[in-house]
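Chemist: Residues per chain are reported as follows:
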Amino acid sequence: MPIEVNGKTLETDEEGYLANINEWEPGVADVMAKEDELDLTDEHWDIINFLREYYEEYQIAPAVRVLTKAVGKKLGKDKGNSKYLYGLFPYGPGKQACRYAGLPKPTGCV
Amino acid sequence: MSDIKKFMYLNRRAPYGTIYAWESLEVVLIGAAFDQEVSLIFADDGVFQLVKGSDTSESDMKNFMPTYRTLGDYGVRHMYVDRASLAARGLSEDDLIEVAWEDYETEEEVDNIVEIVDTDQAAKLMAESEVVFSF
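For the protein sequence lines, the chains are A and B, in the order given. Using my numbering, you'd call the opening residue of the first sequence number 56 and step up by one each time. Using my numbering, you'd call the opening residue of the second sequence number 28 and step up by one each time.
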């Protein structure tokens, strides 16, 4: 299902992940969140931006437990736990946040 | 935490041109979820997988070189490189990437888990492993 972002039509795969990571813009996350009936806060954006930086550096979407550890290190221990991350992204921090960030589905995620 | 086994991934092929290197890397990334003691060893043309500054922009292959640098976060404790294979290809330790490892709970850190080993030692390490995956 393609999505409409700021007048542009962007292709996604059958699970809703962006087909081309280079087409990402912040509006992508806003549109996807709206479909999920989720309001994006600064706390969501911290994770989305973190994922984009991680991808930029390592060229993969991190596994959930790697994400959890890395968030704890970067944003503080109170945020580096699955309770906090699932609170923000109820469909799973790996899958949902990666999708909003325009990343592919994390390797090993089913 | 029972049954922690020693896993060794043996990488002997050049990074691009075949799918082996990327497949091996993916198995390591996925296998990290299982809490085993994981080491990698690079020999023959496999040593090219760790050479700094690879550029795939003119090919259709994704450049997955940066991905090796996150392996420490995936529980990989050692990345051994066969000394003779490096030398035979005119390479040295300075040509290789560095990979850091850190335990977030104990804050124990290792600056670089990439280590050059002699062939004898490589053979011994493989013999000591309970599971060896060859790519």
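Hints listed in this document are in silico derivations from the structure and should not be mistaken for laboratory results. Among the clues, some could well be false.
List time: in silico DSBU-like cross-link candidates among lysine-lysine, alpha-carbon distance up to 30 Å [said to hold, decoys possible]:
1. B/K79 to A/K160
2. A/K128 to B/K33
3. A/K63 to B/K79
4. B/K33 to A/K124
5. B/K79 to A/K134
6. B/K32 to A/K124
7. B/K79 to A/K138
8. A/K134 to A/K150
9. A/K150 to B/K89
10. B/K151 to A/K160
Every value quoted in this text rests on a predicted model; they were computed, and no experiment measured them.
Chemist: I'd like to know which numbered hints this structure contradicts. Please list them from smallest to largest.
Modeler: As far as the earlier hints go, 3, 5, 7, 10 are violated by this structure, in ascending order.
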